[in-house]
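Colleague: In case you want the letters, here they are:
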Amino acid sequence: DAGVIQSPRHEVTEMGQEVTLRCKPISGHNSLFWYRQTMMRGLELLIYFNNNVPIDDSGMPEDRFSAKMPNASFSTLKIQPSEPRDSAVYFCASSLERAGFTSGYGYTFGSGTRLTVV
Amino acid sequence: SQKIEQNSEALNIQEGKTATLTCNYTNYSPAYLQWYRQDPGRGPVFLLLIRENEKEKRKERLKVTFDTTLKQSLFHITASQPADSATYLCALYGGATNKLIFGTGTLLAVQP
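The listed protein sequences derive, respectively, from chains A and B. So the first sequence is residues 1 to 118, counted in this note's numbering. So the second sequence is residues 1001 to 1112, counted in this note's numbering.
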């Protein structure tokens, strides 16, 4: 498996523009997570899906942020309109199971999308 | 509020020595504690998971301890190598949030 695939790797956009980040989880994983990483706040969980259904979006900072998972192999995180304070690295991660970790495995992260809003 | 603390200062050690990183937490009763490695420009990579009823877990040169009384985990890398240089993140799961929450990480630099 190629792992969790995110695109684009880098995105530079102007304030006010719409930004869409994409993620393909590992085949067979039924949980998907979107995290944001900044120097000041570290890794923050934005939203997670279980079996394509959004379970908890309490980490989404504002209504400008939205996420979808139309099928088991694809998810998007959209920011509209974007603002300079949204600049960060956005990671997508997937796992076999959300809560149990009974298999002894953690999350598999993608390489991230570095977003810069100017 | 729940808090996870890792030493924000970089840890510099000599090759061959044992590196020990600390993760402390407050106002939290995690069911699982995990350690991840993150290299510059890459996503975190899962290393080890330890459950609340386990005291210690080993994997090759890595060892993790979990003391729920002290609310602390120690992460050890024995016979460290320059290739071990990276940021190491502690993450906790459980309690009321049912989310995997990360610490801010500690940068380890192993000098040849």
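Don't take every hint at face value.
To be verified - DSS-like, lysine-lysine: derived pairs with alpha carbons at most 30 Å apart:
#, chain 1, residue 1, chain 2, residue 2
1, B, Lys1071, B, Lys1057
2, A, Lys68, B, Lys1071
3, B, Lys1003, B, Lys1063
4, B, Lys1017, B, Lys1063
5, A, Lys78, A, Lys68
6, B, Lys1057, B, Lys1003
7, B, Lys1059, B, Lys1003
8, B, Lys1099, A, Lys78
9, A, Lys24, A, Lys68
10, B, Lys1057, B, Lys1017
11, B, Lys1003, A, Lys78
12, A, Lys24, B, Lys1099
Claimed, not checked - Per label pair, the in silico range of CB-to-CB distance:
#, chain 1, residue 1, chain 2, residue 2, range
13, B, Ser1008, A, Ser87, 17 to 23 Å
14, A, Pro84, B, Asn1007, 28 to 34 Å
15, A, Val118, B, Glu1056, 44 to 50 Å
16, B, Gln1111, A, Phe74, 23 to 29 Å
17, B, Thr1078, A, Pro81, 46 to 52 Å
18, B, Ala1031, A, Val118, 39 to 45 Å
19, B, Leu1070, A, Ser73, 24 to 30 Å
Since the hints were derived computationally from the structure, they do not count as laboratory data. Owing to the predicted nature of the structure, the values given are computational and were not obtained by experimental measurement. Note that CB positions come from ideal geometry on N, CA and C, so glycine has one too.
Colleague: If you check each hint against the structure, which ones fail?
Modeller: Numbers 2, 16, 19 - these are the hints that the structure violates, sorted from lowest upward.
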